[in-house]
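Trainee: Given the coordinates of chain A, assemble chain B onto it according to the supplied hints.
Number of protein chains: 2
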Amino acid sequence: MSDVATAGRRARGGGGGAARRAERTGISFDTARFIERNIPNFEILNEEALQIIEWNAETVLEEIGVNFLENPGALALWKAAGADVRGERVHIPRGLARKLCATAPRSFTQHARNPARNVEIGGKSLVLAPVYGPPFVRDREGGRRYATIEDFRNFVKLGYMSKWLHHSGGTVCEPTDVAVNKRHLDMLHAHMTLSDKPFMGSVTEPVRAADSVEMAKILFGSDFVDQNTVMTSLININSPLTFDSVMMGALEVYAKAGQAAIISPFIVGGAMAPVTVAGTLTQVLAEVLAGVAYSQLIRPGAPVIFGAFVTSIDMNSGAPTFGTPEAAHITYGAGQLARRLGLPYRSGGSFCGSKLPDAQAAYETSNSLNMALLAGVNFMLHACGWLEGGLVSSYEKFVMDADQLGTLHHLAKGVSVDENGQGMDAIREVGPGGHYLGCAHTQANFKSAFWRSDLLDYKPFETWDEEGARDTEQLASERVKKLLGDYQAPALDEGIREALDAYVAQKKAAEPDAFI
Amino acid sequence: MSDVATAGRRARGGGGGAARRAERTGISFDTARFIERNIPNFEILNEEALQIIEWNAETVLEEIGVNFLENPGALALWKAAGADVRGERVHIPRGLARKLCATAPRSFTQHARNPARNVEIGGKSLVLAPVYGPPFVRDREGGRRYATIEDFRNFVKLGYMSKWLHHSGGTVCEPTDVAVNKRHLDMLHAHMTLSDKPFMGSVTEPVRAADSVEMAKILFGSDFVDQNTVMTSLININSPLTFDSVMMGALEVYAKAGQAAIISPFIVGGAMAPVTVAGTLTQVLAEVLAGVAYSQLIRPGAPVIFGAFVTSIDMNSGAPTFGTPEAAHITYGAGQLARRLGLPYRSGGSFCGSKLPDAQAAYETSNSLNMALLAGVNFMLHACGWLEGGLVSSYEKFVMDADQLGTLHHLAKGVSVDENGQGMDAIREVGPGGHYLGCAHTQANFKSAFWRSDLLDYKPFETWDEEGARDTEQLASERVKKLLGDYQAPALDEGIREALDAYVAQKKAAEPDAFI
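Chains A and B, in that order, are what the protein sequence lines are. Numbering that gives the first Met the number 0 puts the first sequence at residues 0 to 515. Numbering that gives the first Met the number 0 puts the second sequence at residues 0 to 515.
It should be emphasised that the hints constitute simulated quantities derived from the structure, not laboratory data. It is possible that some hints are incorrect.
Remember, identical chains collapse to one label, so a pair may be satisfied in a single copy or spanning two.
Said to hold, decoys possible - Pairs of lysine to any residue residues, derived as SDA-like cross-links and limited to a Cα-Cα distance of at most 20 Å, are as follows:
no.: 1; residue 1: Lys-412; residue 2: Asn-40
no.: 2; residue 1: Lys-412; residue 2: Ala-443
no.: 3; residue 1: Lys-255; residue 2: Asp-222
no.: 4; residue 1: Lys-412; residue 2: Asp-313
no.: 5; residue 1: Lys-446; residue 2: Asp-29
no.: 6; residue 1: Lys-162; residue 2: Trp-450
no.: 7; residue 1: Lys-255; residue 2: Leu-74
no.: 8; residue 1: Lys-446; residue 2: Gly-317
no.: 9; residue 1: Lys-458; residue 2: Ala-318
no.: 10; residue 1: Lys-162; residue 2: Ala-115
no.: 11; residue 1: Lys-458; residue 2: Arg-143
no.: 12; residue 1: Lys-78; residue 2: Ile-63
no.: 13; residue 1: Lys-458; residue 2: Asp-313
no.: 14; residue 1: Lys-412; residue 2: Glu-47
no.: 15; residue 1: Lys-506; residue 2: Ile-148
no.: 16; residue 1: Lys-123; residue 2: Gly-405
no.: 17; residue 1: Lys-255; residue 2: Pro-104
no.: 18; residue 1: Lys-507; residue 2: Thr-147
no.: 19; residue 1: Lys-446; residue 2: Asp-313
no.: 20; residue 1: Lys-480; residue 2: Asp-29
Chain A with its partners taken away, still in its complex shape (with noise of 0.2 Å):
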């Protein structure tokens, strides 16, 4: 722990204080809790198609095996734990890596500085996060243009606003206009301090892992991080079958300081896994068996979540294409696997390839998001604001997106078939012919019975003619624009807050910037 961090901890008294203040003094803004789902998962593979997928993995660890490149910490690993290591080549015989794999939580709390957020990864919850990694912002009058900080500070507060958004997620946008060995700190500062929500932290460097630790301890407490998990980063794994010593390298600080990590393959179909479902699954299954096993080598215990990010792939363009039915399969088929396994699940997100916040966009988005609901997903990146197959951080979508996840929410709560839910009473006192608006059980239920948008328009065509005659984009924008308007920051203890900057400016003066 670095002096800046401890001083940070001394500043702020440790403990939960930061939090408790800002609950006290702090405006909040209203955000669901993560959701509990009381429906069934779909399960799109019968037993036999699931012990087949999961056979074949184990065969392919063991007769093809996986490359740990340029890391031979972790060859040495898996060699003591009874891998048959060639080279780089790590061949895991059958069994051994699902072995590794039960000593990972199937559940665990990722603690916010603001307790009330904490969210529950694994069991029936679904944890819900902004997109992830664009280099361009897109809003509706400046266009597309290369991210900066001031958007991706702009991102922050739009997902610490978002009613249904539970978490604050990672690289909201990249932030081309700081230097690249520098941005993490300025978007760790972001995080921490325009938003109370969970967050990630970086993983483009061992070293920006650990500055993400440090600075976490400064936000939390040294013992508090110690002891609890407070970040969870994106470890994505190079498919096919392909561990790089800079994501491993972020998986060890994190493993090792007790944060978690999403082990993700990232799988565009066709060109990093086989162009059938089936093969894709097997792939999938065998990359997250061995990332999740190389976790718990590093440290039994540490959380991990079983990650597939799967698009599908135009054949005749080679472009990646999303919200595809193909793409459906993998997710719901991977959510079985991973329950299997015992293992929170990440997948889904506001996938679309269309280059607008249009119809397209909104066609494959919801695709992609009730498909996640239905397939068990625990942690879902990207849920909102993604555009462009992932190249650009839309404002617009981002709104939109984030109102449409309100469904996710009510569709999870289920069918109450309690003495209200039966709704006898109504039925008789209406009768053939009635009108229900009126009688008294709609009276005592109609401010929780329908999930409404905050957002879409449903006005007679008269009135949204007179209005304007605006479409989805037009009142999103409206709305980013009241959003940002609105924001205040949510309380922090001043001495956290000057720990978090020294911390930030004594990194950004210790080494020249780098743009590469």
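Mentor: Using the frame of chain A, we list chain B on its own:
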């Protein structure tokens, strides 16, 4: 059978001759076969919830009863069957309606004049039919306006040319420039001559249902119609619990003729049914039980479909809302109830409240389409083209939605785990760090592996931008023009064509125009 119908039958020589000739000589557009699901249904209700709803529905029928208005014949039939009839109110003893429903077929074939377009309705099938009923149309250049018979014909042509649409539908829009008492003739004529897909009959008056049967006899031959189902028509129930004489009169005509009817509660939740999901399901089941039972009193074995048209309501404004979670709950639940009753199931559609074919329209539509597939729907009316809460048939949305219907076909295929599906040879061939695009397995499968839109944009940003930065509505507008420009009618025996023309002319001449 009228003289004109007899003439028509003579002209064509009976049997399936017209269809065979159409196959030999006509331009034929590629239409996918109706969907046969190879995936499970999503079952949201558990056994206890289902039993509660089924028990309550029988209580509603026995205790509250249903109204059969201005229909002494129906009351007499119910009395004879053992119901307790008081005035126009029919109290149906527990178990009677379900027992009467048992003679309805679990599945039936609706014949098209081109036998390759026949559809199976029931079991694991899903048949897709276009939007039904809007008085307005909208297109990108002409805006929103009253629909005409020219619009009607255009939508029939678009339906004929849509690969993923199996059915020509019914009132694809209301031809408001034709007299109310005659427009059914022009509509039937359009479906029969401009398309060779199966279609629906008129239900707005019993005599118009009789005209539908007569015209079908001209097209198919009288004996063929007597022995086969060639129309599936929409019989709405006046929820709550009311069966009016117009709709029941049409049902009586169709049931006697062995033609199929969708018995369909029409429910805006909170207005025509209880504001809770289980309460709405109870009423839906009671209404369908009564309606289907009545169809079986008319003619045991008459083909019928368990219908459920359900939307929720915006409690702030009273506007119906679409693609909502509550509609999904009801659609999933009603599917379970229909399967337990052993009846084909109609629900779902391209529902939306948006005024434009924009992102709102697409979010709401995708929510509905996906849910309908997983709910086990067998017949989906309104599968494309619905806009503005059903007030508008949209040209652009018709082709946009029709394209999305392709995703349902691919989703329904499920996951193959045969040797090719497993793709182990591909994983072996490519190995860690390799690339699948060039491998033998990919080459052998790439044409059929992934669904591909015929409409949406998959281009790189720069190409898309240079080509005019078109949104989905613009792409769709161009597709509409292309399809209508390319349209060629399927071949039809000249004698049949003349007989249909003559029937319409004779009927139109026989009475003055009515415009209400």
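Trainee: Any hints from earlier that this structure breaks? Give me their numbers in increasing order, please.
Mentor: none
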